[in-house]
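K.L.:
Use the sequences and the hints to build the structure in full.
Chains A, B and C, in that order, give the protein sequences. In case it helps, UniProt numbering puts the first sequence at residues 1 to 293. In case it helps, UniProt numbering puts the second sequence at residues 1 to 293. In case it helps, UniProt numbering puts the third sequence at residues 1 to 293.
Repeated chains share a single entry, so a pair holds when one copy, or any two copies, can fit it.
Derived lysine-lysine pairs resembling DSBU-like cross-links, with alpha carbons at most 30 Å apart:
hint, residue 1, residue 2
1, K292, K108
2, K275, K252
3, K38, K280
4, K76, K275
By construction, these hints were calculated from the structure, which means they are not laboratory data. Just so we're clear, the structure is a prediction, and the values are computed from it rather than from any experiment.
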Amino acid sequence: FVPPGVLPLSRQPLAWGRARRQPPGPPLAPCRAFSNNKILVELDESSGVATMKFKSPPVNSLNLDFLTEFCISLEKLENDRACRGVILTSAIPKIFSSGLDITEMCGKSTEHYAEFWRAVQELWLRMYSSNMVTIAAVNGSSPAGGCLIALTCDYRIMVDNPKFSIGLNEAQLGIVAPFWFKDTFVNTVGHRVAERSLQLGFLYPAPEAHRFGLVDELVPEEKLQEKAAAVMAQWLALPDHARQLTKSMMRKAVLDRLVAHREEDIQNFISFISKESIQKSLRMYMEMLKKKS
Amino acid sequence: FVPPGVLPLSRQPLAWGRARRQPPGPPLAPCRAFSNNKILVELDESSGVATMKFKSPPVNSLNLDFLTEFCISLEKLENDRACRGVILTSAIPKIFSSGLDITEMCGKSTEHYAEFWRAVQELWLRMYSSNMVTIAAVNGSSPAGGCLIALTCDYRIMVDNPKFSIGLNEAQLGIVAPFWFKDTFVNTVGHRVAERSLQLGFLYPAPEAHRFGLVDELVPEEKLQEKAAAVMAQWLALPDHARQLTKSMMRKAVLDRLVAHREEDIQNFISFISKESIQKSLRMYMEMLKKKS
Amino acid sequence: FVPPGVLPLSRQPLAWGRARRQPPGPPLAPCRAFSNNKILVELDESSGVATMKFKSPPVNSLNLDFLTEFCISLEKLENDRACRGVILTSAIPKIFSSGLDITEMCGKSTEHYAEFWRAVQELWLRMYSSNMVTIAAVNGSSPAGGCLIALTCDYRIMVDNPKFSIGLNEAQLGIVAPFWFKDTFVNTVGHRVAERSLQLGFLYPAPEAHRFGLVDELVPEEKLQEKAAAVMAQWLALPDHARQLTKSMMRKAVLDRLVAHREEDIQNFISFISKESIQKSLRMYMEMLKKKS
Numbered sequence: 001f002v003p004p005g006v007l008p009l010s011r012q013p014l015a016w017g018r019a020r021r022q023p024p025g026p027p028l029a030p031c032r033a034f035s036n037n038k039i040l041v042e043l044d045e046s047s048g049v050a051t052m053k054f055k056s057p058p059v060n061s062l063n064l065d066f067l068t069e070f071c072i073s074l075e076k077l078e079n080d081r082a083c084r085g086v087i088l089t090s091a092i093p094k095i096f097s098s099g100l101d102i103t104e105m106c107g108k109s110t111e112h113y114a115e116f117w118r119a120v121q122e123l124w125l126r127m128y129s130s131n132m133v134t135i136a137a138v139n140g141s142s143p144a145g146g147c148l149i150a151l152t153c154d155y156r157i158m159v160d161n162p163k164f165s166i167g168l169n170e171a172q173l174g175i176v177a178p179f180w181f182k183d184t185f186v187n188t189v190g191h192r193v194a195e196r197s198l199q200l201g202f203l204y205p206a207p208e209a210h211r212f213g214l215v216d217e218l219v220p221e222e223k224l225q226e227k228a229a230a231v232m233a234q235w236l237a238l239p240d241h242a243r244q245l246t247k248s249m250m251r252k253a254v255l256d257r258l259v260a261h262r263e264e265d266i267q268n269f270i271s272f273i274s275k276e277s278i279q280k281s282l283r284m285y286m287e288m289l290k291k292k293s
Numbered sequence: 001f002v003p004p005g006v007l008p009l010s011r012q013p014l015a016w017g018r019a020r021r022q023p024p025g026p027p028l029a030p031c032r033a034f035s036n037n038k039i040l041v042e043l044d045e046s047s048g049v050a051t052m053k054f055k056s057p058p059v060n061s062l063n064l065d066f067l068t069e070f071c072i073s074l075e076k077l078e079n080d081r082a083c084r085g086v087i088l089t090s091a092i093p094k095i096f097s098s099g100l101d102i103t104e105m106c107g108k109s110t111e112h113y114a115e116f117w118r119a120v121q122e123l124w125l126r127m128y129s130s131n132m133v134t135i136a137a138v139n140g141s142s143p144a145g146g147c148l149i150a151l152t153c154d155y156r157i158m159v160d161n162p163k164f165s166i167g168l169n170e171a172q173l174g175i176v177a178p179f180w181f182k183d184t185f186v187n188t189v190g191h192r193v194a195e196r197s198l199q200l201g202f203l204y205p206a207p208e209a210h211r212f213g214l215v216d217e218l219v220p221e222e223k224l225q226e227k228a229a230a231v232m233a234q235w236l237a238l239p240d241h242a243r244q245l246t247k248s249m250m251r252k253a254v255l256d257r258l259v260a261h262r263e264e265d266i267q268n269f270i271s272f273i274s275k276e277s278i279q280k281s282l283r284m285y286m287e288m289l290k291k292k293s
Numbered sequence: 001f002v003p004p005g006v007l008p009l010s011r012q013p014l015a016w017g018r019a020r021r022q023p024p025g026p027p028l029a030p031c032r033a034f035s036n037n038k039i040l041v042e043l044d045e046s047s048g049v050a051t052m053k054f055k056s057p058p059v060n061s062l063n064l065d066f067l068t069e070f071c072i073s074l075e076k077l078e079n080d081r082a083c084r085g086v087i088l089t090s091a092i093p094k095i096f097s098s099g100l101d102i103t104e105m106c107g108k109s110t111e112h113y114a115e116f117w118r119a120v121q122e123l124w125l126r127m128y129s130s131n132m133v134t135i136a137a138v139n140g141s142s143p144a145g146g147c148l149i150a151l152t153c154d155y156r157i158m159v160d161n162p163k164f165s166i167g168l169n170e171a172q173l174g175i176v177a178p179f180w181f182k183d184t185f186v187n188t189v190g191h192r193v194a195e196r197s198l199q200l201g202f203l204y205p206a207p208e209a210h211r212f213g214l215v216d217e218l219v220p221e222e223k224l225q226e227k228a229a230a231v232m233a234q235w236l237a238l239p240d241h242a243r244q245l246t247k248s249m250m251r252k253a254v255l256d257r258l259v260a261h262r263e264e265d266i267q268n269f270i271s272f273i274s275k276e277s278i279q280k281s282l283r284m285y286m287e288m289l290k291k292k293s
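P.N.:
Here it is in structure tokens:
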């Protein structure tokens, strides 16, 4: 197993601006990049394709800072006429994203839970309804909220390594994936696979995830970015307008459902997560994680 | 083909109580059992797993007595804190259940049809919403209502024998599966397979049923109970609360639909089954069955 | 590749009536036929099976005349007690139907667009709710509206030739399949395959279409009609009444949706198709087609 090369982040500008790299081959097209604490964004103007690279060690967990940066970055790209597609991937070896940060759900105030959950909803709403072509280049494990990010994309490519797994494993932690995680999952793998996988909190090794339709394609790690670019080109060959309307038609029912029940969903989350039994489960899970590492 | 051994039912107590068997191997864990005319129930307290064995010769057909005993037994287990999962299987060789008893639908009063149909609904409502882990160990053919029982479970294991078939074959009898049979079927195999199978009243031999997702797994007959226990252990490894909430989330829409239209559905059944043309079809079908045997 | 033989249409009567052919072998059953400009209809009274053969050169495109004749023919068959099933196929080599006629959507009046769209809706409503068994014998390519006709059938058999393709490729033309095209597609191939296929406007070669469930079966060209007849016999073996009620139960939700929003859908089509950008896309597409041929 060869971990993916980490980008030299320090050489990236910290805000939008022209970034000129010195590639060994032919000169690259102009490329704007911006980076902040958690995510590195690069936009290749010649292709119209941006890459969002998660760089929040150790495991790209989705805390409030990450979620906020994610949504701001996504909004910038969405409003940038030069950008038509975005590839999501990780700058951390072996992990795409570990999902929601459990520390945000443990021993915090009601207000904090509400703010956190609204940010999770926001990420899902923006990704699942994005006008851009969205491709997940899953170069590491991707449990729970990490899997959710992949599920919101138009296409999922995963590194063909059985050590990397993906799935909505909330049930294993004693918690329940919200209905809109479930709806997204059902839209991807169908009702029966979703019912069984969610109840058992399955994490599928990449080859199995592919067999069940949770990811669309497997590639060797060294081919991942190339493949993602090729698939992106295929999707961008379609007229944006027709593709966007079609995407919206496919996803509208599920998107509308959260929009209609957003505040109720936040209240449900708060009352669920505030239960002593749930808090205890999460503390035990964190203890287990600490012992593991 | 080797038929499964029939349990020595006469040695089982007729009500809840300690049943001590003399196994050839190491001593078994304490086990409570109760039995009545149609179903034998054994609860292994050490594992929290009950087995409901259908023992209503000749073919475990679902008449009013069977349905009533089924629901009473299920309710007892549901309310028993020692019980977390239930395995459904048959004590009759070669048949899991032949489905609804046609004699209950032929030449009876309107009141009888209403009572019978309410009992069928009750079985479905209780099984599909059960808080316990439910596993069907399908050790014989399972047409129509027999298939429905399997469909309500969390997992279906079937004996790998092409002589055993399973499916919702109502259309072959000239009758129509009600919408909640259909909803359960669609949730399991998807819309297209359901549409074709229901219209043609397909009975799938076990290997084909597995290919279409109607059953989850095939095993040799002698491994069935062992496999069911192993799968049960896998499901019971999850925290009950999270698993139950997840199951409820997956099945709620379909359950709510029958609850909202229950009386209407009973009236539909009565007016449909009371038609002379349908009565004639059913009589012809019963004649055919008699000639066959 | 051997193109299918075209029927000697001139020998067919132009209206309902007994048509007696001189077969080389044993005498055929009495067969009524009617034909008009676009579609040849033959009803074999002994089997109760009609064949509708599209014969509108060059590519069986669905213009207003074709749609009108289609619906009239279908209604005649639907009301004919001698007819229980219909096989749709093409009399034009290599093409089943090229879909909606773009000339009907280009540079015409609002009233014309409304009339045209209502006719497309009518075809879909009648086919998807038909009481007859409907089988598509797809003996050539079948994009867009051609694919839709196949999707409305109970069963799809396609010639096993990778040169023939099928799919809802509207997005490639810069237009969007309406929600009821989408609903029919989702009911056939599931949500995920539909989402990806519709966004990319995929045309699947026959073998791939079969793999994704877009067609049910592939056969060599010379076996197509024979196979269609055999499958039809299998479906007709079921009691009509039960099969029809089951079909209606499976398709009702999707049918009701268009019925409830029919006028709104027509207005949407008119305002979409009247846009200058869309008109430009369609003109460009027609230019491209002309250059190709």
